[in-house]
Amino acid sequence: MDQIRRQLVNDATDAFIASIDCSKICDLASTFHPQGKPCRVFCEPKKGSYNICFFIVFLSDEGDTNEKWVIRIPLTPRLAFPEEKMRSEIATMKYITSKTSIPIPQLHGYGFSQTHPSGLTFMLISYIPGDRLSDHNLPTLNPPLLSHLHTQLADIFIQLRHCEFPHIGSLTLDPIDDRTPIFVHNRALSIDINDHELEGLSPTSIIGPSKIYRTAIDYIYAQTQLLFNQFDKQQNSVYSEADARYHLYGLHQFRSILMGWLRREYNEGPFILMHGDFRTANILVDQNLNITGVLDWEWSRTVPVQMFLPPTWLRGGDIRDLLSFRGLGYGSYLAGFRDVVKAKEKEMHCQGSGGEEKIPLSKLWDGIYILSNFLIGQALLRLDVAGDVYWDALDRRYFGNDAAARVELFYEVLATSNQKRVIARKLQELEMYNAELKERGLEEDKPLEPLRGLPADKVQELAEHLRNFNNREEARRHEFCSWAWFRSRVGLDWRHVI
Numbered sequence: 007m008d009q010i011r012r013q014l015v016n017d018a019t020d021a022f023i024a025s026i027d028c029s030k031i032c033d034l035a036s037t038f039h040p041q042g043k044p045c046r047v048f049c050e051p052k053k054g055s056y057n058i059c060f061f062i063v064f065l066s067d068e069g070d071t072n073e074k075w076v077i078r079i080p081l082t083p084r085l086a087f088p089e090e091k092m093r094s095e096i097a098t099m100k101y102i103t104s105k106t107s108i109p110i111p112q113l114h115g116y117g118f119s120q121t122h123p124s125g126l127t128f129m130l131i132s133y134i135p136g137d138r139l140s141d142h143n144l145p146t147l148n149p150p151l152l153s154h155l156h157t158q159l160a161d162i163f164i165q166l167r168h169c170e171f172p173h174i175g176s177l178t179l180d181p182i183d184d185r186t187p188i189f190v191h192n193r194a195l196s197i198d199i200n201d202h203e204l205e206g207l208s209p210t211s212i213i214g215p216s217k218i219y220r221t222a223i224d225y226i227y228a229q230t231q232l233l234f235n236q237f238d239k240q241q242n243s244v245y246s247e248a249d250a251r252y253h254l255y256g257l258h259q260f261r262s263i264l265m266g267w268l269r270r271e272y273n274e275g276p277f278i279l280m281h282g283d284f285r286t287a288n289i290l291v292d293q294n295l296n297i298t299g300v301l302d303w304e305w306s307r308t309v310p311v312q313m314f315l316p317p318t319w320l321r322g323g324d325i326r327d328l329l330s331f332r333g334l335g336y337g338s339y340l341a342g343f344r345d346v347v348k349a350k351e352k353e354m355h356c357q358g359s360g361g362e363e364k365i366p367l368s369k370l371w372d373g374i375y376i377l378s379n380f381l382i383g384q385a386l387l388r389l390d391v392a393g394d395v396y397w398d399a400l401d402r403r404y405f406g407n408d409a410a411a412r413v414e415l416f417y418e419v420l421a422t423s424n425q426k427r428v429i430a431r432k433l434q435e436l437e438m439y440n441a442e443l444k445e446r447g448l449e450e451d452k453p454l455e456p457l458r459g460l461p462a463d464k465v466q467e468l469a470e471h472l473r474n475f476n477n478r479e480e481a482r483r484h485e486f487c488s489w490a491w492f493r494s495r496v497g498l499d500w501r502h503v504i
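Numbering (the numbering used here), first residue to last: 7 to 504.
No lab work stands behind these hints, which were simulated from the structure alone.
Computed from a predicted structure; not experimentally measured.
Check before you lean on any hint, since a few could be wrong.
[Said to hold, decoys possible] Computed spacing ranges between beta-carbons, pair by pair:
1. G214 x Q293: 30 to 36 Å
2. P215 x P150: 15 to 21 Å
3. K364 x D238: 36 to 42 Å
4. M265 x S55: 44 to 50 Å
5. R431 x K364: 45 to 51 Å
6. P215 x N424: 27 to 33 Å
7. H168 x E414: 46 to 52 Å
8. K239 x S55: 28 to 34 Å
9. G214 x L433: 30 to 36 Å
10. S216 x S124: 27 to 33 Å
11. D70 x N296: 47 to 53 Å
12. A411 x R431: 37 to 43 Å
13. L113 x M265: 38 to 44 Å
Glycine residues also receive a C-beta, built at the ideal position from the N, C-alpha and C atoms.
Make the full structure from the sequences, and use the hints.
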């Protein structure tokens with residue numbers, strides 16, 4: 007999202023929060039309590055990316071009870087489709103509760119602004135005590151504790167893997183009887199679609215509210231259409247003429263890679279229910295690192311097999327960390343997690359709790375350690391990093407080191423006259439955008455500088471990491487994306503340090 011739009015959304019969000027009558031929060035909760043008990047707010051509200059949460063405890067004649075709820079109110083200025091988003095989340099929570107043993111908050115009630123007397127859209131859920139997993143430093147956990155965490159994560163992914171559907175989309179509520187989750191003609195609503203709509207990019211023209219997909223290739227093509235649409239309509243999608251040429255070239259090449267990456271045998275399914283924002287901040291744990299709750303199911307949707315992936319944070323960090331030197335060796339973590347999944351599946355099968363026979367998740371993840379394939383799937387789940395994934399992890403691997411020459415050839419020979427006009431228009435839009443930034447007292451956007459080299463201690467650290475591999479086949483298994491990347495970033499040839 008550009009700076010101007012972000013500032014407007016943030017200002018509107020602050021005004022929305024200020025408009026909430028906190029004195030009425032407890033009255034709202036009491037109307038949903040079976041005994042109509044009074045309550046009080048027991049801690050400060052917490053604001054997330056898309057919701058603000060109020061924490062209440064119900065009272066008895068003797069004082070506080072052990073009954074605590076959370077009133078979760080969507081931040082409507084940050085949501086392009088607030089009711090669609092919450093209807094999907096409620097339906098998903100009902101489905102997860104009925105079909106799995108994944109720990110999630112109990113749903114006590116909800117309302118929508120157009121029909122509830124409060125004028126608010128809200129959800130009431132049980133309060134789950136514990137710390138967020140993001141409060142723990144995963145790289146410093148002792149091995150037994152980390153193993154315990156991974157076993158629980160494996161159980162969650164295995165259970166979700168058994169939640170298969172005939173097409174790609176989202177669960178939602180029946181508009182007539184909202185007690186029943188249904189799965190008919192509701193698009194796979196995502197953070198990307200939401201944010202693109204807030205920016206005025208009209209993603210609904212590509213993936214409409216009732217648009218579902220019955221093949222992976224059609225859905226993946228639509229995802230790339232969102233990227234092209236963003237390039238075309240976002241006023242700050244480029245930084246310069248050179249950047250515009252690279253950007254357009256990268257979009258075409260990324261799409262061409264996807265056609266070879268997609269596995270035909272999974273084109274028509276299975277399509278698996280996936281948490282849409284499975285970050286450490288949305289996982290609650292107790293002091294022994296037992297997972298006590300998985301929160302925020304609002305962006306959940308069914309996805310193709312190749313997009314049903316382990317998280318990018320198994321050893322801490324995020325996907326952008328995998329696009330730096332920190333990504334070296336992450337394939338080993340993915341392979342290790344797949345082994346944990348396989349062991350858990352074997353245990354569940356022996357206990358007779360595996361559900362109906364399906365292709366085991368460990369089988370679907372056979373090649374999960376090939377990090378370039380993993381990153382392609384992650385880029386489709388998070389379109390905001392697709393460009394970074396392409397240029398930092400895929401371009402050299404697939405097309406070699408002559409990027410400048412390839413981009414020049416594409417622009418001079420292959421680009422259409424219309425594409426060249428689009429680039430010229432993008433530069434005019436950039437000039438107007440920068441002028442508006444200046445009027446508002448904001449600095450111009452600056453592209454992130456590529457990592458040109460590493461401090462000496464990091465070079466030594468990576469060299470030592472490579473020496474620890476038993477052989478070159480092991481090194482290939484744990485590659486980042488290409489050893490050309492390693493040479494270009496670190497200035498060493500991997501053959502000299504193994």
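Structure-based check of all given hints:
1. Checked against the given bound of 30 to 36 Å, the beta carbons of G214 and Q293, roughly 47 Å apart, lie outside it.
2. The given range of 15 to 21 Å is broken by P215 and P150, whose C-beta atoms sit roughly 47 Å from each other.
3. At roughly 40 Å, the beta-carbon separation of K364 and D238 lies within the given 36 to 42 Å, and the hint holds.
4. Taking the beta carbon of each, M265 and S55 are about 33 Å apart, not inside 44 to 50 Å as hinted.
5. For the pair R431 and K364, the beta carbons lie near 49 Å from each other, so the given range of 45 to 51 Å is met.
6. Taking the beta carbon of each, P215 and N424 are about 29 Å apart, inside 27 to 33 Å as hinted.
7. Our hint of 46 to 52 Å for H168 and E414 holds, since their Cβ atoms are close to 50 Å apart.
8. For the hinted restraint 28 to 34 Å between K239 and S55, the CB-CB distance of approximately 23 Å leaves it violated.
9. Taking 30 to 36 Å as the suggested C-beta distance range, the pair G214 and L433 conforms, at roughly 31 Å.
10. Under the hint 27 to 33 Å, the C-beta atoms of S216 and S124, about 29 Å apart, fit the expected range.
11. Taking 47 to 53 Å as the suggested C-beta distance range, the pair D70 and N296 does not conform, at roughly 25 Å.
12. Distance hint check: the CB atoms of A411 and R431 are about 26 Å apart, inconsistent with the given range 37 to 43 Å.
13. With their beta carbons about 41 Å apart, L113 and M265 fall inside the hinted range of 38 to 44 Å.
Against the hints set out earlier in the document, violations occur for numbers 1, 2, 4, 8, 11, 12.
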